[in-house]
Structure formats: structure tokens, C-alpha cells
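> From first to last, the protein sequence lines stand for chains W and S.
Note that the working numbering has the first sequence beginning at 1, numbered continuously upward.
Note that the working numbering has the second sequence beginning at 269, numbered continuously upward.
Think of the hints as simulated: they come from the structure by calculation, not from any bench.
Some hints here could point you the wrong way.
[Claimed, not checked] Ranges of calculated distance between the beta carbons of each label pair, as one might list FRET restraints: (1) S:P285 with W:N61: 48 to 58 Å; (2) W:R117 with S:A302: 40 to 50 Å; (3) W:P135 with S:L301: 47 to 57 Å; (4) W:T142 with S:F509: 30 to 40 Å; (5) S:G377 with W:A265: 37 to 47 Å; (6) S:P293 with W:P203: 51 to 61 Å; (7) S:F406 with W:R117: 52 to 62 Å; (8) W:G134 with S:H292: 50 to 60 Å.
[To be verified] For lysine to any residue, the following SDA-like pairs were computed, each having C-alpha atoms within a straight-line distance of at most 20 Å: (9) S:K443 with W:A169; (10) S:K443 with W:R111; (11) S:K443 with W:Q110.
[Claimed, not checked] Partial list, computed: chain W residues near chain S (C-beta under 8 Å): (12) R100; (13) R102; (14) W138; (15) A140.
Yeah, the Cβ is synthetic: ideal placement off N, Cα and C, and Gly gets one too.
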Amino acid sequence: MALALALPRETAAAAETAAAAEPVLRARGLHKRFGVEGPPVLDDVDLQLGRGEALALLGANGAGKSTLLRCCLRLVEPDQGRIELLGEPLTGLSRGRLRRLRARVGFVFQRHNLVPRLSALSNVLHGAQARGDGPLAWYAPTAPRRLREEALACLERVGLARFAGQRAASLSGGQSQRVAIARALMQRPELVVADEPVASLDPAAGEEVMALFVRLLREEGISLLFTSHNLRHALDHSDRLVALRAGRVELEAASADQDIERLRALYD
Amino acid sequence: MTEMPPAPAGSRPHGLPPRFDRPHPLAFLGWVLALAFLVAAVQGTGFSLGRLADGLPAIGRMLDRMFPPNLERLPAIGKALLVTFQMAVVGTVLGVILALPLAVLAARGLSPHPLVRHAARSLIAFFRTVPDLIWALFFVIAVGLGPFAGTLAIMIDTIGFCGRFFAEAMEEQEKGPQEALTAIGASRTGLVFSAVIPAALPSFTATSLFSLEKATRSSVILGLVGAGGIGIELKVAMDLFAYDLAATIILAIFVLVLLVEQASGALRRRLM
């Protein structure tokens with residue numbers, strides 16, 4: 001179904017102006033195909049995200065959302081297209097510069113992806129790995145005091161300071177995802193990318209974690225690009241929506257102008 | 269309970285699948301050749317239950333001369349046993365330490381380059397495939413008779429054993445935490461030390477304990493070629509037909525190996 005969801009011209013223009021003002025991410029003409037045969041996963045996708053803006057990426061399974069997120073950090077190499085992240089073109093960056101750029105972008109995964117045998121504090125400290133403090137700074141027992149305190153403050157912000165010394169393996173799903181958010185905060189990011197950040201949690205925990213996540217980012221003016229199948233989350237926590245269908249942008253709209261019923265049509 | 273009526277003949281589109289798949293002719297030929305080799309090998313080794321039965325009285329006579337064990341040299345045997353265990357411990361610890369970086373270079377996804385990975389894998393395979401007794405002979409020539417040569421042989425053997433299993437353990441770890449750290453700008457070293465090694469640590473410890481058990485058994489044998497430890501005591505006792513003394517040594521070895529295996533097993537159960 002082609003754009004039965006067309007957005008009002010003024011709000012779309014306003015949203016685009018916000019994104020264009022000072023984009024933290026700009027992708028143009030992205031193409032990606034896995035393997036030689038089969039349809040492209042991304043087909044001429046454009047995406048732009050403004051500083052301090054929250055953008056929700058919607059679409060059915062296989063629409064290309066996760067691939068697009070990964071392309072934005074060059075975790076997956078696009079076949080064609082151009083990406084500018086935090087003002088730097090991603091293509092052609094050396095390994096070291098790419099690492100330094102990635103360090104300025106938090107990434108929260110659907111599954112928390114913590115190291116289960118390490119403490120919550122050590123996992124949060126990993127967020128500071130790219131600062132060049134050396135290997136001792138990677139573990140809670142050996143990290144310098146200032147880093148330990150900063151990591152504890154990040155855990156405090158997600159309400160888990162009392163679990164700092166506990167192994168990640170012993171935390172619940174919601175707690176683990178909050179530690180992953182604390183790890184992203186430890187990066188002092190300018191942009192956070194989140195791939196279905198609460199999909200693995202039960203509805204109550206998902207609601208709580210999503211609200212906390214967005215509130216913390218909004219407080220610091222950090223841009224957010226997230227995917228979600230939860231249309232309520234997408235509407236409530238984003239300024240703008242971009243929907244993909246079969247690797248192409250199907251809809252781009254200000255969240256305020258959309259409602260759940262109209263968005264459901266994206267999954268038909 | 270009502271019985272299901274039998275399905276009318278010809279109602280099923282497919283019959284029951286065969287109980288066994290028909291082997292491919294080449295696979296069948298392979299099995300026949302393997303069986304033929306086994307039969308030839310039994311003949312080639314001169315395997316004979318009759319000869320074994322004829323030899324049983326000789327074993328009985330030897331056992332008769334072994335008991336009661338001679339405890340006169342117990343302090344010397346205890347000291348040799350301690351040296352044997354020291355060889356096993358030092359060789360294993362050094363081997364484990366050296367195996368770790370080599371395993372990282374040999375692990376798919378962690379090695380900096382495919383050529384480096386192949387080189388590291390080949391070196392590990394070389395260390396593993398040459399028997400420890402041969403390494404001991406080399407090191408006896410290089411550093412002279414005594415426990416140092418045995419320790420070096422055990423170290424090399426441990427690198428071969430642990431290097432392979434460490435690399436496999438690291439390759440099998442969940443990729444999620446590694447992807448997360450890559451995404452946030454961690455270096456390869458950071459990835460290895462922050463995500464891979466902590467996750468693989470229980471497996472590393474279990475492998476290292478197995479290695480210590482293996483090294484303890486090896487260190488007894490290495491003495492036979494002059495590489496130190498209690499093996500040389502056993503060889504001298506057997507050469508002098510002092511079977512009662514040999515019995516004491518064999519019992520001491522049995523106690524040592526049993527203790528190490530029990531302690532290692534208990535530690536591994538706690539880790540798993």
C-alpha cells in the first residue's frame with residue numbers, strides 16, 4: 001500500500017527543517033543486498049536525524065530496519081550510498097577513526113548484550129573503552145577511581161547503583177537492559193541508536209525501561225534513532241517516524257500527526 | 269480407548285521411510301576398507317589372547333615379588349614425587365600462559381589476518397602432534413638431564429593442548445557482547461579482554477585443569493628418558509628387578525595422579 005499515510009505538508013516540512021538544522025546523521029541513497037540473488041534489503045534509502053531529535057524507524061520484520069541501523073555505524077557495509085555521522089563521512093574512514101567515531105554513538109541492542117560473567121559496573125565501564133585509558137580501565141577492580149565513580153553515577157541514573165557489584169548474569173531482563181543504557185550513557189554519546197530496545201522485555205518492564213531511556217536522553221539533548229514494533233512507543237517517544245517496507249522508505253512523518261490505526265496499515 | 273481403523277491400502281501418498289538410509293557406494297567402500305584395515309592391524313600387532321593367557325603366570329610371579337612393597341626409600345621417593353608434581357605444575361602454568369595469546373591469534377574472528385591465523389594454528393598443531401616424550405628427548409639434549417627438560421616438554425605439550433581448546437572456546441562464545449563492544453568503538457584487544465576472555469574463562473579453567481592432570485601423568489613417563497621426576501626411580505628399580513621398590517613407586521604415582529584428578533574434578537564441577 002503506497003502512501004495512504006501521507007503527512008500534512010507543514011508538519012513534515014517542520015520536521016525536516018529540524019532534522020536538517022544540524023544533522024547528526026545523514027544517509028543518502030543507501031543500497032544493501034545480502035548475497036547475489038534475492039531482493040535488496042535496503043533500496044535507495046535516505047535518512048536524516050537532527051541534533052536532539054528522536055526518530056522512530058518502523059516496519060515489518062525484514063523491512064530493513066536493523067540493517068539500516070547497522071549501516072549507519074558501518075557494522076554492515078552498504079553496497080552503495082553515502083553516510084555522514086556526526087559530520088564525518090563514514091566511507092573511507094580508517095579503522096582507528098571509525099572506532100573513535102563509533103565511541104560517540106551509543107548502541108542499545110534488543111538483547112542487552114552484556115558480558116554475563118562481569119559485574120554491572122565493569123559492563124558500564126566498557127562504555128569508556130575508546131577514551132584510551134588503557135586495559136586497566138576496562139574492569140571495575142582495576143579502573144581508576146574517577147571512572148568507577150562515573151560508571152556508578154550512570155548506574156544510579158538508571159536506578160541500579162545497588163547492583164553495581166553484581167554479575168550481569170544474575171540480573172533480570174529489565175535490569176540488564178538498564179545496565180546497557182548506563183553503558184551507553186558512559187560513552188557520553190551525541191547520538192544513541194537502539195534496535196528494538198525493549199522487545200525482549202515484558203510489557204510493564206518495557207514501558208518502564210523505554211520511558212527511562214527516552215527521558216535520560218532528552219535531559220541531555222542526545223539524539224535518538226530507534227526501531228520498534230510497539231507503535232505506542234514509537235508515537236510517544238519520537239519526534240518523527242520513518243517507515244520502511246521491503247527496504248524502501250514508505251513513510252516519513254511527524255509523530256504528532258500520526259495515530260496507531262494509520263500506522264498499523266504499514267504492517268498489512 | 270478406541271482403536272484407529274487401519275488406513276486403506278493406497279490411501280497414503282508415501283510409504284514408511286526405510287529404517288536405514290541406503291549408503292552411497294563410496295561410503296560403503298570406505299567402511300569395507302576401514303574394516304579390512306582393522307583386521308590387518310589386529311594381525312599386524314600380533315594380537316593373541318593365547319599368548320596373553322600364557323603370560324599371566326609371569327605377571328603373577330612379578331606381583332608376588334612386588335608385595336609387600338619396600339618402604340626403605342620412601343623419603344627419596346617422596347622427594348622425587350614432589351619434583352614430578354612441580355614439573356607438572358610449572359610446565360602447565362607456563363604452557364597455559366603462552367597458549368592464551370597463541371589461541372587468540374588462532375581464533376576465527378579474533379585473529380588480525382587469515383595468514384596469522386593459519387600460522388598460529390599450524391604451530392599449535394605441531395606442538396600437539398609431536399609426542400611429549402620426543403620433546404623431552406630434544407630438551408634433554410638442549411638443557412641436560414633433569415626436571416628442567418621435563419618441565420619444558422610439558423610446557424610445549426600444554427601449549428599444543430590448551431592452544432587448540434582455548435581457540436575453540438573463544439570461537440564458540442556468544443557474539444552479542446562482542447558486537448556491542450565493536451559498535452561502541454572498542455579495539456580488537458578491548459574486545460578480546462573485555463568480552464571474549466571473561467566469557468570463555470570457565471572453559472579455559474576446565475581445560476587448564478585437564479591439562480594439569482595430563483601433565484601429571486606425562487611427568488611420570490618423562491623421567492624414563494632422563495627428564496627428571498620419579499620416572500627415573502621407577503626405571504632403575506625395574507632394571508634392578510627390585511620389584512618391591514617398584515611397587516612402592518607405582519603406588520606413590522597412583523596416589524599422586526588420583527589426588528590431582530580428584531582435586532581437578534572437584535574444581536571443574538564447581539565451575540560448571
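> Taking the hints in turn, state whether each one holds.
Comparing the hints with the structure gives:
Range check, S:P285 to W:N61: about 34 Å between beta-carbon atoms, so the 48 to 58 Å window is missed. Distance hint check: the CB atoms of W:R117 and S:A302 are about 43 Å apart, consistent with the given range 40 to 50 Å. Restraint check, W:P135 to S:L301: a C-beta distance of roughly 54 Å satisfies the suggested window 47 to 57 Å. A C-beta distance of roughly 59 Å is found between W:T142 and S:F509, which places it outside the suggested range of 30 to 40 Å.
Checked against the hint of 37 to 47 Å, the C-beta distance between S:G377 and W:A265 comes to roughly 42 Å, which is consistent with it. Taken as a hint, the range 51 to 61 Å holds for the pair S:P293 and W:P203, whose Cβ atoms sit roughly 59 Å apart. Taking 52 to 62 Å as the suggested C-beta distance range, the pair S:F406 and W:R117 does not conform, at roughly 39 Å. Separation of W:G134 from S:H292 is about 57 Å and conforms to the stated range, judged on CB atoms against 50 to 60 Å.
Straight-line distance between C-alpha atoms of S:K443 and W:A169 comes to about 16 Å, which keeps the hinted pair within the 20 Å bound. Distance check on the hinted pair: S:K443 and W:R111 sit about 11 Å apart at the alpha-carbon level, within 20 Å; holds. Between S:K443 and W:Q110 the alpha-carbon distance is near 14 Å, which keeps this suggested pair within the 20 Å criterion. Checking W:R100 against chain S: minimum C-beta separation of about 6 Å stays under 8 Å; hint holds.
About 4 Å separates the beta-carbon of W:R102 from the nearest beta-carbon of chain S, less than 8 Å, and the hint is met. A least Cβ separation of about 5 Å between W:W138 and chain S falls short of the 8 Å threshold, and the interface hint therefore holds. Because the beta carbon of W:A140 sits about 11 Å from the nearest beta carbon in chain S, more than 8 Å, this interface hint is broken.
Of the hints listed earlier, those the structure fails to meet are numbers 1, 4, 7 and 15, in rising order.
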